[in-house]
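**Q** So in the numbering used here, spot 130 of the sequence shown is number 485, and the numbers just go up one at a time.
Since the hints were made in silico from the structure, they are not lab data. All values derive from a computational prediction rather than experimental measurement. Here a beta-carbon is modelled for each residue, glycine too, at the ideal position from N, C-alpha and C. Warning: the hint list may mix true and false statements.
Under the rule of at most 20 angstroms between Cα atoms (straight-line distance), these lysine to any residue pairs were calculated in the SDA-like manner [stated by the list, open to error]:
#1 Lys-407 <-> Arg-391
#2 Lys-369 <-> Trp-497
#3 Lys-409 <-> Ser-487
#4 Lys-484 <-> Gly-511
#5 Lys-402 <-> Thr-418
#6 Lys-409 <-> Ile-398
#7 Lys-512 <-> Ser-502
#8 Lys-455 <-> Ser-487
#9 Lys-448 <-> Ser-487
#10 Lys-442 <-> Ser-426
#11 Lys-404 <-> Glu-439
#12 Lys-460 <-> Ile-438
#13 Lys-409 <-> Asn-375
#14 Lys-369 <-> Val-476
#15 Lys-455 <-> Gly-511
#16 Lys-508 <-> Glu-439
#17 Lys-455 <-> Lys-409
#18 Lys-409 <-> Ser-368
#19 Lys-485 <-> Ala-434
#20 Lys-485 <-> Leu-514
Simulated restraints on C-beta separations [unchecked claim]:
#21 Pro-462 <-> Asp-392: 50 to 60 angstroms
#22 Ile-401 <-> Phe-501: 31 to 41 angstroms
#23 Gly-520 <-> Arg-393: 34 to 44 angstroms
#24 Ala-422 <-> Asp-473: 29 to 39 angstroms
#25 Gly-415 <-> Pro-387: 36 to 46 angstroms
#26 Ala-429 <-> Lys-484: 33 to 43 angstroms
#27 Glu-439 <-> Arg-391: 31 to 41 angstroms
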Amino acid sequence: SSGINAEYGYEYSKIIGEVNTLIQNNDKSVIPAWRRDRIRDHISGIKAKLDKAKIESEKGLATENAAEIASLIAKNKDAPIIIEVLKTKGTSKGISEGLKTMRKKAPETAAVIFAVNDDDVFFHCLVPKKLSSGMSLRADEWLATFSGLLSAKCGGKDLYAQGSG
356 SSGINAEYGY
366 EYSKIIGEVN
376 TLIQNNDKSV
386 IPAWRRDRIR
396 DHISGIKAKL
406 DKAKIESEKG
416 LATENAAEIA
426 SLIAKNKDAP
436 IIIEVLKTKG
446 TSKGISEGLK
456 TMRKKAPETA
466 AVIFAVNDDD
476 VFFHCLVPKK
486 LSSGMSLRAD
496 EWLATFSGLL
506 SAKCGGKDLY
516 AQGSG
């Protein structure tokens with residue numbers, strides 16, 4: 356998504372949508388099966404390259420997200436709750452890595468972290484065990500209170516939940 360978009364000005368989801376349409380149209384075409392198979396294999400190879408490019412482009416974003424969350428932890432070390440939208444483009448993996456750090460460095464802090472990229476919004480919630488049991492604050496329920504506003508899906512458990520849309 357981001358790397359492809361940044362480099363060439365295209366949105367990953369639109370490109371993949373077009374590739375999937377090509378595959379469907381090819382499957383319905385009235386041509387010999389061997390030719391249809393060859394075309395499908397070629398298009399699938401292109402799709403695999405696009406997927407690989409997206410994954411590579413998101414590796415840097417995940418590192419940036421984790422670093423930004425580490426900075427948030429440093430600034431708000433004693434805060435009981437952090438709710439933040441990352442300034443960098445986001446990935447679910449980046450937020451997850453950052454919250455792993457938060458779990459270690461700020462174990463008493465509850466957090467909801469949002470990140471937006473070209474295609475989606477990602478959000479993760481971390482609730483310390485003390486808050487979950489003592490104040491009945493559950494990560495999955497916390498995210499459910501606003502995920503509908505974002506037309507997003509979410510799920511998780513008492514201590515950790517995530518969503519996207």
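**Q** Evaluate each hint against the coordinates.
**A** Evaluated hints:
1. Lys-407 <-> Arg-391: Distance ~24 angstroms between Lys-407 and Arg-391 Cα, so the pair is violated.
2. Lys-369 <-> Trp-497: 32 angstroms, violated
3. Lys-409 <-> Ser-487: Since the Cα atoms of Lys-409 and Ser-487 sit roughly 36 angstroms apart, the hinted pair is violated (cutoff 20 angstroms).
4. Lys-484 <-> Gly-511: Answer holds: Lys-484 to Gly-511 is near 14 angstroms, not above 20 angstroms.
5. Lys-402 <-> Thr-418: 25 angstroms, violated
6. Lys-409 <-> Ile-398: 17 angstroms, holds
7. Lys-512 <-> Ser-502: 15 angstroms, holds
8. Lys-455 <-> Ser-487: 17 angstroms, holds
9. Lys-448 <-> Ser-487: Distance ~24 angstroms between Lys-448 and Ser-487 Cα, so the pair is violated.
10. Lys-442 <-> Ser-426: Between Lys-442 and Ser-426 the Cα gap is close to 12 angstroms, so the pair holds against 20 angstroms.
11. Lys-404 <-> Glu-439: Violated: Lys-404 and Glu-439 sit about 34 angstroms apart, past 20 angstroms.
12. Lys-460 <-> Ile-438: 17 angstroms, holds
13. Lys-409 <-> Asn-375: With Cα atoms ~16 angstroms apart, Lys-409 and Asn-375 stay inside 20 angstroms; holds.
14. Lys-369 <-> Val-476: 17 angstroms, holds
15. Lys-455 <-> Gly-511: Measuring from Cα to Cα gives roughly 15 angstroms; hence the hint holds.
16. Lys-508 <-> Glu-439: 19 angstroms, holds
17. Lys-455 <-> Lys-409: Given that 20 angstroms is the threshold and the Cα spacing comes to 24 angstroms, the pair is violated.
18. Lys-409 <-> Ser-368: It holds: about 10 angstroms lies between the C-alpha atoms, which stays within 20 angstroms.
19. Lys-485 <-> Ala-434: Holds, because 15 angstroms separates the two Cα atoms, which is no more than 20 angstroms.
20. Lys-485 <-> Leu-514: Cα-Cα ~10 angstroms, so holds.
21. Pro-462 <-> Asp-392: 50 to 60 angstroms: Given about 55 angstroms between the Cβ atoms, the range holds.
22. Ile-401 <-> Phe-501: 31 to 41 angstroms: 38 angstroms, holds
23. Gly-520 <-> Arg-393: 34 to 44 angstroms: 38 angstroms, holds
24. Ala-422 <-> Asp-473: 29 to 39 angstroms: Since the Cβ atoms of Ala-422 and Asp-473 sit about 20 angstroms apart, the hinted range of 29 to 39 angstroms is violated.
25. Gly-415 <-> Pro-387: 36 to 46 angstroms: Because 44 angstroms falls inside the window, the suggested range holds.
26. Ala-429 <-> Lys-484: 33 to 43 angstroms: 23 angstroms, violated
27. Glu-439 <-> Arg-391: 31 to 41 angstroms: 50 angstroms, violated
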